[in-house]
Every structure is written in C-alpha cells, then in structure tokens.
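S.K.: Whole structure, please, built from the sequences with the hints as guidance.
So the sequence lines, in the order shown, correspond to chains A and B. Numbering-wise, the first sequence is residues 40 to 199 according to our numbering. Numbering-wise, the second sequence is residues 40 to 199 according to our numbering.
By construction, these hints were calculated from the structure, which means they are not laboratory data. Keep in mind it's a predicted model, so treat the numbers as computed, not measured. Certain hints may be false.
All copies of an identical chain are treated as equivalent in the list; a pair is satisfied when it fits inside any one copy or across any two copies.
Restricting the straight-line Cα-Cα distance to at most 25 Å, the calculated cross-link-like pairs of lysine to any residue (SDA-like) are [claimed, not checked]:
id, residue 1, residue 2
1, Lys164, Ala154
2, Lys164, Ala198
3, Lys176, Arg63
4, Lys58, Thr179
5, Lys164, Thr129
Protein chains: 2
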Amino acid sequence: MVSLLFPTHAVAPSSSAVKPAQCRPGTLAGELRVALLRTARRMRMERSDDITDGQYSVLHALVTMGPLTPGALAERDHVQPPSMTRTVTTLVEAGLVSRGEHATDRRQVVVTITAAGEREVRETKRRRDAWLARRLKDLTLAERTTLAEAAEILRRIAAA
Amino acid sequence: MVSLLFPTHAVAPSSSAVKPAQCRPGTLAGELRVALLRTARRMRMERSDDITDGQYSVLHALVTMGPLTPGALAERDHVQPPSMTRTVTTLVEAGLVSRGEHATDRRQVVVTITAAGEREVRETKRRRDAWLARRLKDLTLAERTTLAEAAEILRRIAAA
DNA sequence: TATTGTTATACTCTATAACTATA
DNA sequence: TATAGTTATAGAGTATAACAATA
Chain A
40 MVSLLFPTHA VAPSSSAVKP AQCRPGTLAG ELRVALLRTA RRMRMERSDD ITDGQYSVLH
100 ALVTMGPLTP GALAERDHVQ PPSMTRTVTT LVEAGLVSRG EHATDRRQVV VTITAAGERE
160 VRETKRRRDA WLARRLKDLT LAERTTLAEA AEILRRIAAA
Chain B
40 MVSLLFPTHA VAPSSSAVKP AQCRPGTLAG ELRVALLRTA RRMRMERSDD ITDGQYSVLH
100 ALVTMGPLTP GALAERDHVQ PPSMTRTVTT LVEAGLVSRG EHATDRRQVV VTITAAGERE
160 VRETKRRRDA WLARRLKDLT LAERTTLAEA AEILRRIAAA
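M.R.: What follows is the structure in structure tokens.
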C-alpha cells in the first residue's frame, strides 16, 4: 500500500547511496553503532544544567507511568534502593516530586511528580526536539522519510 | 544512480508505512529523539563492567586519534584537567594506557594506549555490534537498507 | 608572565551493610 | 520472618583552588 502523497520516486534517491555490503548485519551494526551513540550523546547534552541524568530519568518515568514507589523506580533504572532514596530526596527538595502514602501498604511510599517537575521534563524535551528539528529542516524530504522509517525500526529494536 | 543490485522496489515497502505528517521536522524530532535515546541507552549497557564511560571515552579517543596530551583529552570530553589527570592515572594503573614525554615541550605529557587498552576497546565494540547485529538479522533487507541510509544521515547531523 | 599538568580538598553519586516500620 | 524504605558509611568521579615545572 503506497500512499499517493508519497510517490516511491521521492524515496529512491537516498536509497541509491547505500551499497549492498553496508546492509549486511555485521557491517551495518558497526556503522549504526557509531551513528547512534554519537547523535544520542550530542542530543543528551541539550538539557537543564541543574538536573542530572539520573534525576531526569526518574521524572521521565513518573510522567510516562504515573506515580511509582521508590522500589519500582530503582528497579527501572537499575540502581540500588538507597541510591534512589537519595535521588528522590534531592528531587523533593527541588520541588520536582513529592512523597505520599501508599493506599493499602503503609510500608510503601508513592512518589508523584509535581507541576514543576512536569515543566522540567517538558522543557528538556522541547530543547532536544528543537536541536534535532533545526537539523532536520536542512534535510530533503526523502532523507526525513528515511529517518521517520528508521525511528520506527529502532523503537522495535530497543524494545526487543 | 541506482544500483542494479538494489532495485527501488526493495526499498518502497518500508517507506509506505510513513505518513507525510511524520516527516515534518517538528513531529519527526519527537519520534526520533525517543528512538535514538532509547536504543543508544540499551546499546551502551553492552560494555565491560570494570571500566567507566569516561574511561572508555579516553581509550576510544586514543584509538581514533593516536597519542594525545591530557589537556587535549580533557577538552575533547568537556572535562576539567584535574579530572582527566585522575582518569588517566586510573587507566595507567589498569595497564590500559601509558604516560610518555612530549617530543619538544617538556611540560606536556603524551598519553598512549597499550595493547591491553586496544583490546578493551575492540572487545566493547564487538559486544555492541553483536547485540545490534543479532537484532538486525531479523529485519527485512528493505529495513536494513533504511537503517544504513539513516546511519549516514545521522552521522552528518551529529557532526553539524 | 603564560601554559601544562598535578596535588589538595570538597561535593556529588552510587554501593553495601545495618536499622526501622510494617506486613 | 519477610519486605519497603531509610540511615550510616565508604568508594568512585568531578570540580575549583593552589602549586610545580617549563616555555
């Protein structure tokens, strides 16, 4: 099913630059590794300076998943519980999250993001998108189509 | 110039899944950001446990650029000179790099990677490529072609 | 006098072990 | 007795300031 708004000839030009050997899993892996790590590293730089990667990761999880316990957050980030206690304490003091009581189990704590925390996440995403969008504007439509397709494929790969 | 080994109909199928709106810089940026950061994060996990990201970065720079001074390494990684002194000392003690004298300027120090250091870098790359290649094998040829094209585009973006 | 690198010191982040409260 | 979270303490990593050696 080929969209009429997207004739195949708009895609063909960029595909012509790639040689068959570059598509072999072994060869492609090396090229893709460099490209992904380098771009991601550059993009990760586009964030607020007064928050660490670990802290941002917690805020992002809370935005995506809703309120979570410290234990769940620790497991998600492959970090030990005491480290997460510290991270959460820092975020509480910064007013970005709040601690609350669990509905049924009084041992547990529920961490909830605040309005300021949501704003922080939104702002970081906005910065990174702006950095990326600025570069995407200089590409051809065919190149952007390729990246849109690649994004879908990469999401599947990362999830596997 | 379209390669005979790569007829365009092999590429068209994957492009049909992408809608025009997804190729607008603003929209694409958001999708691409998530896909890149998620995949890169997963891939970065595939490394030796007894070396940090900062240490690996130094080894990688030395493999790519040849011997460098601590000052050059510090600037490259956006780190302060004393921090690089510490990192280099750790790597020297681990036998992965060695300190040497500068040819003409006796204030400067030249850091050179050792055979063990090169092995460490090779091993990490091998792990990451293996992880990636395993996932690439399950893709269609058209999808791998898309990723090969995307890799080229991303390298340009990261360099800009 | 300026530059390169190191040492001294402090702060942050993370980990393990021990402790408190609750189930 | 087991579990969730915290506190206590120690080990890396990085930063600023002060210092040594050389240009």
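S.K.: Checking an output row: lysine 164 and alanine 154, CA cutoff 25 Å. Within, between, both or neither?
M.R.: within (15 Å within a copy, 41 Å between copies)
S.K.: Measure nothing new, just compare the shortest in-copy and cross-copy C-alpha distances for lysine 176 and arginine 63 to 25 Å and report within, between, both or neither.
M.R.: between (30 Å within a copy, 8 Å between copies)
S.K.: For lysine 58 and threonine 179, with the copy left unspecified, which applies at a CA distance of at most 25 Å: within, between, both, or neither?
M.R.: This pair counts as both: shortest intra-copy Cα distance 20 Å, inter-copy 15 Å.
S.K.: Regarding lysine 164 and threonine 129, is the shortest C-alpha distance of 25 Å or less found within a copy, between copies, in both, or in neither?
M.R.: Close inside one copy (21 Å), not across copies (35 Å); limit 25 Å.
S.K.: Can you give me the call for lysine 164 and alanine 198, within, between, both or neither, at a CA distance of at most 25 Å?
M.R.: Answer is both; intra-copy 21 Å and inter-copy 21 Å each pass.
Comparing the model with each numbered hint stated earlier shows that all of them hold.
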